[in-house]
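2 protein chains.
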Amino acid sequence: MIQQIDHLGIAVRKLEDTIPYYEKSLGLKCHGVEEVESQKVRTAFFDAGGVHIELLEPTADDSPIAKFLETRGEGIHHIAFRTDDIEGQLKQASESGVRLIHEVPFEGAAEKLVAFLHPKSTHGVLTEFCMAKHHDAAGEGDSMVE
Amino acid sequence: MIQQIDHLGIAVRKLEDTIPYYEKSLGLKCHGVEEVESQKVRTAFFDAGGVHIELLEPTADDSPIAKFLETRGEGIHHIAFRTDDIEGQLKQASESGVRLIHEVPFEGAAEKLVAFLHPKSTHGVLTEFCMAKHHDAAGEGDSMVE
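If you're matching them up, the sequences are chains A and B in order.
Under numbering that gives the first Met the number 0, the first sequence has 73 at position 74, and the numbering climbs by one with no breaks.
Under numbering that gives the first Met the number 0, the second sequence has 100 at position 101, and the numbering climbs by one with no breaks.
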């Protein structure tokens with residue numbers, strides 16, 4: 000079951016050029032910057048009342064974010080829903096006709112399992128499911144975003 | 000101060016073609032469909048753990064959503080932050096160099112005051128501030144989205 004929106008991924012050209020907007024213009028706090036090598040991105044995290052905003056800067060020309068920037072420019076890249084049953088969520092989506100990018104969840108950052116649905120079958124919204132690997136951990140709601 | 004992400008606006012061609020994806024594939028519940036004449040849209044609302052998803056279908060060729068669909072296709076249209084001080088939030092954004100689409104908040108649906116920042120100065124993300132008109136009302140968190 001979907002518990003809530005976990006985070007929004009936003010594609011940007013340079014973190015350092017964008018962080019001041021979120022901090023100074025919106026008044027949100029940056030909780031950290033992290034490189035995710037497998038995805039070829041650097042990310043900066045903000046918290047907006049329990050939903051994270053994740054800025055994504057490409058670290059290579061063949062990063063998915065580099066391709067997105069090339070065709071669409073800066074903007075919202077994906078929406079991630081937190082679930083307590085990622086396998087069941089993928090099965091439900093697949094059985095209702097949604098095309099999955101990942102049939103099997105893989106490990107994202109911060110010990111989360113993640114999988115994406117294809118925007119061609121989600122009315123243009125690149126959609127991620129994510130689940131904490133350790134359900135019994137205290138403070139699950141505080142886990143960092145993918 | 001920004002309290003939380005209030006809702007995400009998602010541009011779609013037809014509500015009736017899109018609602019089944021959110022209901023059947025994601026398992027979210029549609030809380031209602033409403034026409035907002037001033038914005039020339041029909042909207043359908045979903046709740047995802049306290050953040051609303053607002054599908055937006057244009058009702059006229061000159062609707063802002065019709066223009067968005069023409070140039071970008073279906074997808075995430077805007078992000079709305081809930082604040083308890085919309086005037087202060089606009090002032091903070093403006094003073095830090097952000098271009099405002101609305102210098103003065105106007106009344107959106109569901110008795111909310113709303114105003115937008117221009118995506119050219121927010122790194123590509125059309126950004127809305129919204130505030131309940133009646134702060135003292137009980138159950139403010141349950142108020143419907145713009």
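Be careful, since some hints might not be right.
Copies of the same chain are indistinguishable here, so a pair counts whether it falls within one copy or spans any two.
[Claimed, not checked] Computed list of lysine-lysine pairs in BS3-like fashion (alpha-carbon distance at most 27 angstroms, straight line): (1) Lys66 <-> Lys119; (2) Lys13 <-> Lys132; (3) Lys39 <-> Lys119; (4) Lys13 <-> Lys90; (5) Lys28 <-> Lys90; (6) Lys119 <-> Lys90.
Quick caveat, the hints were computed from the structure, so don't treat them as lab data.
Going through the hints against the structure:
Both within a single protomer and between protomers do lysine 66 and lysine 119 lie at most 27 angstroms apart by alpha-carbon distance, with minima of 17 angstroms and 20 angstroms respectively. Taking identical chains as interchangeable, the C-alpha atoms of lysine 13 and lysine 132 are never at most 27 angstroms apart, the minima being 30 angstroms within one chain and 37 angstroms between chains. In this assembly of identical chains, the alpha carbons of lysine 39 and lysine 119 lie at most 27 angstroms apart whether taken from the same copy (23 angstroms) or from different copies (26 angstroms). For the homomeric pair lysine 13 and lysine 90, the shortest alpha-carbon distance between copies (25 angstroms) is at most 27 angstroms, but the shortest distance inside one copy (36 angstroms) is not.
In this assembly of identical chains, lysine 28 and lysine 90 lie within 27 angstroms of each other by CA distance solely across copies; the values are 18 angstroms between and 36 angstroms within a copy. Taking the shortest Cα distances, lysine 119 and lysine 90 sit within 27 angstroms of each other inside one copy (18 angstroms), while across copies they are farther apart (39 angstroms).
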